[in-house]
Amino acid sequence: MKLFFLGITILLSICNLYSQEMPINGSFYGVISRVDFVEHCFAERYQVNYTDTIIRDTVYQKFNNDVLHLYIDHKYYIVDSLVEGNKYILYDFTLQKDDIFKIEYLDKEFIVTDRSQVLLENGEYKTHIKLTGDCSLEWIEGVGDIQNDFFYINQCFSSDHKYIACVTDSEGNLIYKKNNFNYSCENIEEYCINNVEIVQTKIFVAYNPFTNTITIQGMQEGMTYILYNSAGVKLESGSEATISTRHLPKGVYTLKVTGEQGEQVVKLVK
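The sequence shown stops at residue 414 when you use my numbering, and every number in between is there.
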């Protein structure tokens with residue numbers, strides 16, 4: 145009988161371990177992208193959807209049928225066949241102050257400068273970690289990097305100053321909202337249009353790993369783009385405002401957008 149209850153306890157523990165969610169399935173993210181913090185603005189609201197996938201007896205989750213990840217024991221892994229061990233840690237909420245965190249994917253190191261608990265809008269306390277290195281990271285468990293969006297690698301090492309403004313669950317209940325951000329999460333796409341402090345000029349390029357697309361805001365008639373890989377090889381060109389990257393392997397890319405007023409070159413990390 146004792147063995148029976150022990151078995152049930154172990155089974156419940158395993159189920160609980162694999163039932164952790166980060167981010168919460170069905171949640172909506174409101175994200176603001178700024179370059180130079182004033183002149184260029186792009187706001188979007190996207191939903192997180194994923195399904196369970198079993199690979200070699202391990203339960204993984206797949207974002208929008210694309211990005212494979214695993215969240216277990218307060219660590220968030222991205223599955224990537226190009227790195228040693230076929231996965232790397234994007235978030236580690238077991239870190240303590242002064243610990244060193246290394247992003248194996250980029251061979252970059254960060255030091256933990258602060259660890260605390262933060263009260264979210266839904267009444268839950270979550271681990272809050274700040275790190276510093278080539279850029280500043282600020283994590284909240286269950287939410288992501290509030291300074292650089294959930295998949296912070298691309299934003300951290302580019303001119304794209306993206307941050308999470310708010311997060312709601314699938315029913316619209318508020319989970320997280322940035323301090324002093326007073327705009328409606330449901331209408332966040334209109335933020336850049338209605339905020340009188342922002343003047344939109346030129347173009348803005350944003351990569352969204354949730355949808356595997358590159359969006360060129362401000363793309364107008366007569367403007368064209370060329371996408372290159374890290375070796376400078378031309379991959380594709382066109383005049384569309386949205387570019388699908390599902391067929392492209394992970395890596396560093398360069399996007400050149402050309403128009404009557406000149407050209408703009410942006411580096412992107414997939």
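Keep in mind that a hint or two might mislead.
[To be verified] Estimated spans, in silico, between C-beta atoms of each pair:
#1 324 / 191: 42 to 52 Å
#2 251 / 315: 36 to 46 Å
#3 316 / 392: 31 to 41 Å
#4 357 / 318: 49 to 59 Å
#5 257 / 211: 24 to 34 Å
#6 383 / 252: 29 to 39 Å
#7 238 / 203: 31 to 41 Å
#8 377 / 250: 15 to 25 Å
[As the list claims (entries may be wrong)] Here are the simulated PhoX-like cross-link-like pairs (lysine-lysine), alpha carbons at most 25 Å apart as the crow flies:
#9 219 / 252
#10 321 / 378
#11 274 / 246
#12 378 / 231
#13 411 / 400
#14 411 / 378
#15 394 / 246
#16 241 / 206
#17 378 / 246
#18 378 / 219
#19 400 / 231
#20 231 / 219
Everything labelled a hint here was simulated from the structure, so no lab data went into it. Yeah, the Cβ is synthetic: ideal placement off N, Cα and C, and Gly gets one too.
These are the hints, each one checked on the structure:
1. 324 / 191: 42 to 52 Å: Given range 42 to 52 Å: violated, Cβ gap about 25 Å.
2. 251 / 315: 36 to 46 Å: holds, 41 Å
3. 316 / 392: 31 to 41 Å: Given range 31 to 41 Å: holds, Cβ gap about 34 Å.
4. 357 / 318: 49 to 59 Å: At roughly 27 Å between Cβ atoms, residue 318 and residue 357 fall outside 49 to 59 Å, so the hint is violated.
5. 257 / 211: 24 to 34 Å: Holds - the Cβ-Cβ distance for residue 257 and residue 211, about 28 Å, lies within 24 to 34 Å.
6. 383 / 252: 29 to 39 Å: Once the Cβ atoms are compared, 35 Å apart, the range 29 to 39 Å for residue 252 and residue 383 holds.
7. 238 / 203: 31 to 41 Å: violated, 20 Å
8. 377 / 250: 15 to 25 Å: Taking Cβ atoms as reference, residue 377 and residue 250 lie about 21 Å apart, which means the hint holds.
9. 219 / 252: holds, 18 Å
10. 321 / 378: Between residue 321 and residue 378 the Cα gap is close to 40 Å, so the pair fails against 25 Å, i.e. violated.
11. 274 / 246: Holds, because 14 Å separates the two Cα atoms, which is no more than 25 Å.
12. 378 / 231: The given pair, whose Cα atoms are some 29 Å apart, is violated under the 25 Å limit.
13. 411 / 400: Measuring from Cα to Cα gives roughly 9 Å; hence the hint holds.
14. 411 / 378: holds, 14 Å
15. 394 / 246: This hinted pair holds, its Cα atoms lying about 19 Å apart.
16. 241 / 206: With Cα atoms ~31 Å apart, residue 241 and residue 206 exceed 25 Å; violated.
17. 378 / 246: Distance ~32 Å between residue 378 and residue 246 Cα, so the pair is violated.
18. 378 / 219: violated, 37 Å
19. 400 / 231: Outside the cut-off at roughly 31 Å; violated.
20. 231 / 219: Roughly 12 Å between the alpha carbons, so the hint for residue 231 and residue 219 holds.
Of the numbered hints given earlier, the model fails hints 1, 4, 7, 10, 12, 16, 17, 18, 19; all others are met.
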